[in-house]
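Q: For reference, the chains in residue letters:
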Amino acid sequence: MNPPVLDIHNLSVDYQTELGPLHALRDVSLLVPEGKIIGIVGESGCGKSTLISTIIRLLAANARIVDGKILFKGDDLLGMGVDQMRALRGDEISMVFQDPMTSLNPVLPIGRQMSDVQHRGKASAAERKTRSVMMLERVGIPDPETQLTRYPHHLSGGMRQRVAIAMALMTEPSLLIADEPTTALDATLEVQIIHRLEQLQRDFGCSILFISHHLGVIAELCHEVVVMYAGEVVECGPTREVFLNPRHPYTRKLLECDPARIAARTKDLPVIEGGLPDLVKLPEGCIFRDRCDQSVARCATERPRLSGAGHTVACHAVVCHPVVCNLAEHPE
Amino acid sequence: MTGFVLVSVILFVTVFAAWLAPFDPLEINVHNRLSSPSAEHWLGTDQLGRDIFSRVLFGGQIALKVALVAISVSMSIGLVLGMMAGFGPRWLDRILVISFDTVRSFPTIMFALAVVALTGPSLNTVIGVIIITSIPVYARVVRTQTRSLRERDFILAERAMGASTARILRDHILPNIAAPLFILASMDVPAVVGMEAGLSFLGLGVSAPTPSWGTILNDGYSYLRNSPWPLIAGGLPLIAVTLGFTFFGESLRDILDPKMRKKDQ
Numbered sequence: 001m002n003p004p005v006l007d008i009h010n011l012s013v014d015y016q017t018e019l020g021p022l023h024a025l026r027d028v029s030l031l032v033p034e035g036k037i038i039g040i041v042g043e044s045g046c047g048k049s050t051l052i053s054t055i056i057r058l059l060a061a062n063a064r065i066v067d068g069k070i071l072f073k074g075d076d077l078l079g080m081g082v083d084q085m086r087a088l089r090g091d092e093i094s095m096v097f098q099d100p101m102t103s104l105n106p107v108l109p110i111g112r113q114m115s116d117v118q119h120r121g122k123a124s125a126a127e128r129k130t131r132s133v134m135m136l137e138r139v140g141i142p143d144p145e146t147q148l149t150r151y152p153h154h155l156s157g158g159m160r161q162r163v164a165i166a167m168a169l170m171t172e173p174s175l176l177i178a179d180e181p182t183t184a185l186d187a188t189l190e191v192q193i194i195h196r197l198e199q200l201q202r203d204f205g206c207s208i209l210f211i212s213h214h215l216g217v218i219a220e221l222c223h224e225v226v227v228m229y230a231g232e233v234v235e236c237g238p239t240r241e242v243f244l245n246p247r248h249p250y251t252r253k254l255l256e257c258d259p260a261r262i263a264a265r266t267k268d269l270p271v272i273e274g275g276l277p278d279l280v281k282l283p284e285g286c287i288f289r290d291r292c293d294q295s296v297a298r299c300a301t302e303r304p305r306l307s308g309a310g311h312t313v314a315c316h317a318v319v320c321h322p323v324v325c326n327l328a329e330h331p332e
Numbered sequence: 001m002t003g004f005v006l007v008s009v010i011l012f013v014t015v016f017a018a019w020l021a022p023f024d025p026l027e028i029n030v031h032n033r034l035s036s037p038s039a040e041h042w043l044g045t046d047q048l049g050r051d052i053f054s055r056v057l058f059g060g061q062i063a064l065k066v067a068l069v070a071i072s073v074s075m076s077i078g079l080v081l082g083m084m085a086g087f088g089p090r091w092l093d094r095i096l097v098i099s100f101d102t103v104r105s106f107p108t109i110m111f112a113l114a115v116v117a118l119t120g121p122s123l124n125t126v127i128g129v130i131i132i133t134s135i136p137v138y139a140r141v142v143r144t145q146t147r148s149l150r151e152r153d154f155i156l157a158e159r160a161m162g163a164s165t166a167r168i169l170r171d172h173i174l175p176n177i178a179a180p181l182f183i184l185a186s187m188d189v190p191a192v193v194g195m196e197a198g199l200s201f202l203g204l205g206v207s208a209p210t211p212s213w214g215t216i217l218n219d220g221y222s223y224l225r226n227s228p229w230p231l232i233a234g235g236l237p238l239i240a241v242t243l244g245f246t247f248f249g250e251s252l253r254d255i256l257d258p259k260m261r262k263k264d265q
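From first to last, the protein sequence lines stand for chains E and V. Letter 112 of the first sequence, counting from 1, is numbered 112 in my numbering, and no numbers are missing. Letter 56 of the second sequence, counting from 1, is numbered 56 in my numbering, and no numbers are missing.
Hints are computed from structural coordinates only; laboratory data are not their basis. Everything hinted at is true.
Under 10 Å between C-beta atoms, here's a sample of chain E residues computed to sit facing chain V: (1) MET101; (2) LEU108; (3) HIS119; (4) ARG120; (5) MET170.
The model shown is predicted, which means the values in this text are computed figures rather than measured ones. The beta-carbon is built from N, C-alpha and C at its ideal position, and this holds for glycine as well.
With the sequences and hints as input, model every part of the structure.
A: And the structure:
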């Protein structure tokens, strides 16, 4: 069997700040198998963006990788030379950004930008154009020939995001990183883009690392989900299982807060009390202890480790009183 | 539109000065000194009886040659240095910004006097002085634009798609800063032409008998009691160039800068 497309081992990343190092990622491990869509979910500031910047090695100047390994098809990305890494970006690893309004160059026509992405191949201008037209068709843009001559400001947000997806998939990458690609779009478009991504993933057979804080989108699209909180992975497993049978208190609370799950009309939407801990002065023990209502004595002193098979969770309470995983309780 | 017409006229008459000028600008006619405008001499004659209109046309060639050479050279160098400062590491940015500021803090005329004292007056000295003092103007604009562009998402997107620094600068930053750069260059023409006239007026630029708007002004200044025409004739083209290129630059900005256009509506 081929090695997994992306295998992250105990990754820790710090940001140097005036107050001292800010521990943005701590001991993050995750696996993206071939041909799967993996979702990463978590609130703002939980380290999602730092994680993807580390994978494509475009971290801010004050960031430092303290520890860990990122294996891409068995090769360590963190040990690669700058040129070797650049050769992978946009070829084997591609990315779609959050805001399609700002992720395309405003002064160049779409066609120019799309053929620009193909700079590595030795294709002629005509071949590149044919390929661009084909890719635009694949992402469902009508009349692609004409669109090539248009500028980004001529296109709507949904169209632009499709162009961005077409550009990212141009080289048929093994891994597509999608950083909240639907957050800036309205709900109807969101559904369209999600279905399109699903379709494209099946056609191209690539793996997708999908970052979102929209639980519904993750549930719809991803095979597996990784829940992050304050720079740590707290729960991880097959999407259905995590959503139907959340084990970590944070995941449970997060799901309770999803407006789509709230049946009755209410003025007071549920919230998770408290805020993110100070990542410069990390608290002892469990990172979620301050906001948790199930904490036990051990939580104050010892950091929980991810445990379990398939569906893993980092929580002392769960390990002390294991919740029996029983899907039969939740018939579809 | 006014700017475009003025600029076209100025370019046309200076480029074709050799055909349009009714007299040889160097031809001396002492019998006809300091005459007022007439059908024969449209702007009168100077203290040596030379036809001022012809001298103005040929003087324009000098002025625009200086502007073309000085602006294109300083814009190119400024573009490269500005991109290096804007996209490079912070220490390089600091060094470059300090050197831009140092050069800009020097009074241009003082600097020119010092250079002329070393090399002697010549047109090349004028061009050299203008290039050195203009580089920071372009470099600073390019640096600021590059700095703000490098933080934009599409540049990050390009990086994430594997574009090299050279490719990002050439294919993505350059097209974004070309417009403000051309606007700046157009607005800079009057300044450069004025500087050439000023240095020639002080005797630091072209040497007699070569016609330049600066030397025409200087000649006219000395004979102001006898006739105002040389002074007027030397000043008019400077006004025309200033107005023409400024209007031209403004309409260029209106066309190229969509943000300015929105504000007007």
